[in-house]
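J.: These protein sequences, in sequence, are chains W and E. Per the working numbering, the first sequence starts with residue 1, numbered consecutively. Per the working numbering, the second sequence starts with residue 1, numbered consecutively.
Hint data in this document are derived by calculation from the structure and do not stem from the laboratory. Treat the hints with care, as some may be off.
You can't tell identical chains apart in this list, so a pair holds if it fits in one copy or across any two.
Dumping the calculated SDA-like pairs for lysine to any residue here, alpha-carbon to alpha-carbon at most 20 Å [to be verified]:
1. Lys195 / Glu20
2. Lys187 / Gly149
3. Lys195 / Glu139
4. Lys187 / Asp136
5. Lys187 / Leu156
6. Lys187 / Leu153
7. Lys195 / Asp51
8. Lys187 / Gln207
9. Lys187 / Ala101
10. Lys195 / Thr138
11. Lys187 / Ala220
12. Lys187 / Ala197
13. Lys195 / Asn13
14. Lys187 / Thr2
15. Lys187 / Phe219
16. Lys187 / Pro55
17. Lys195 / Asp257
18. Lys187 / Ser24
19. Lys195 / Pro179
20. Lys195 / Ser10
21. Lys187 / Thr138
There are 2 protein chains.
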Amino acid sequence: MTLTEEQLASYRNDGFVLLENTFSGEEIETLCLALAEDQRVPGPRLITENDGVTPRSIYASHTRHPVFERLVRSERLLGPARQIADDDLYVHQMKVNSKQAFGGEEWAWHQDYIVWRDADNMRAASQVNVALFLDDVTEFNGPVIFLRGSHRLGTLERAASARDHGAGHIDPHEYALTPVELAGLVKQHEMVSPKGARGGVLLFSPQIVHGSGTNVSPFARRLLILTYNPVSAAPTPVGAPRPEHLVGRDHTPLQIDRGRFDRL
Amino acid sequence: MTLTEEQLASYRNDGFVLLENTFSGEEIETLCLALAEDQRVPGPRLITENDGVTPRSIYASHTRHPVFERLVRSERLLGPARQIADDDLYVHQMKVNSKQAFGGEEWAWHQDYIVWRDADNMRAASQVNVALFLDDVTEFNGPVIFLRGSHRLGTLERAASARDHGAGHIDPHEYALTPVELAGLVKQHEMVSPKGARGGVLLFSPQIVHGSGTNVSPFARRLLILTYNPVSAAPTPVGAPRPEHLVGRDHTPLQIDRGRFDRL
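Just chain W, same shape as in the assembly (with noise of 0.2 Å):
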């Protein structure tokens, strides 16, 4: 599939797009099937609540599940991601992050690329996000929601730095924005959160400020989200990288598959 000029325009202006029902229910079921058996198995991909047991991301899926392993490749996912990049592109991470029935917690407000600038010594921000919805995405079960436009702010420096974190994970919350800074950029970016069907996949940039709220419905909301970076901007880690479920070491270029990908 190929992103029209206009929602080339939104991606770029906004900093975000939306491609409603780019995916069927059968397809979905089929990645819910295999997110269902792929969470079985713990391990240190596996993140989970503040409980210590319910799965709030679960990362590289791609790596050890054969329907994981084609999608990334789905012309669905990465034509616009490509087209958007104009450049050759590998999968620097892949996560889904389940965001429960009744408490899936919060996501602080962030911007994605600063993180694996610090973390993984990644030099631009020329990544391009994939969301795609595995469950409807209402007002009700805690959907991202951006500052619009807040992109073309560029990097908004913190005082924390990833760089002391090297070993895995870094939740979001170790870079949030402050309350003051938040106030200050919903002066000129407003909040929208894109909402629809599952099957719909969402574009983003890495330099989008986002976060969600909680999930007090019954209805779970998983989110794959796939981060492609152009093979030419892989990062050269200082020191010991992070482990490969969080910063891909396969840089070779994606080739697009338009079969489907829950044929095997």
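Given chain W, put chain E in place with the hints provided.
T.: Just chain E now, kept in the frame of chain W:
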């Protein structure tokens, strides 16, 4: 003001009705100044968030501050409530729930009446809740979420009993519906959260199931909630009643005041 037949039907069928732009911005400013004055005085009527400092609720400001004393007689609040109850009314309870910017906390899913029944020996669900938006209510600042039509289910009994909590404020958490119950209810009763500019008035049934999420936005969501009760249905406490700021003792029929509450 008088509710239309359509508005009355909404209240009966859905369990709520929203009256937009009922108070002016200037009037809301007056109320917020009065609220700030009243919140400055500590005491058992002031309930804080888990941090022990931030105001979560304040009760019975109408018994202390002339602006609120007059507000509860306002034709724009008391009028529609009388129309629904078709009876003389008094104030059973008045509170302001302040859901602060950046972290105002959740309210568990609950019904109101069962708490008053158990704690105060209220014999019938004849109350009318009248909520006044002191701030713009948006999808981002933790709006009240209703299960449409759930008031028609009557009282959903709990194992817990508020009879043991005679002394003070009862958080809805103690009367919360379980995830299993709620997951069942939403199949028949869709979630809906009325939103609008400050100055709007939201009438809702004491039997409707409702809750709300956190406020992750930079905008507070202060909600004034008046609960009127028919004079003929005033409860007779069993044993020591809860404090007067939680259970109104003055059962004198309220007379409608058509003047401006902010011109004292």
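J.: Of the hints stated earlier, which fail here?
T.: 7, 14, 16, 17, 18, 19
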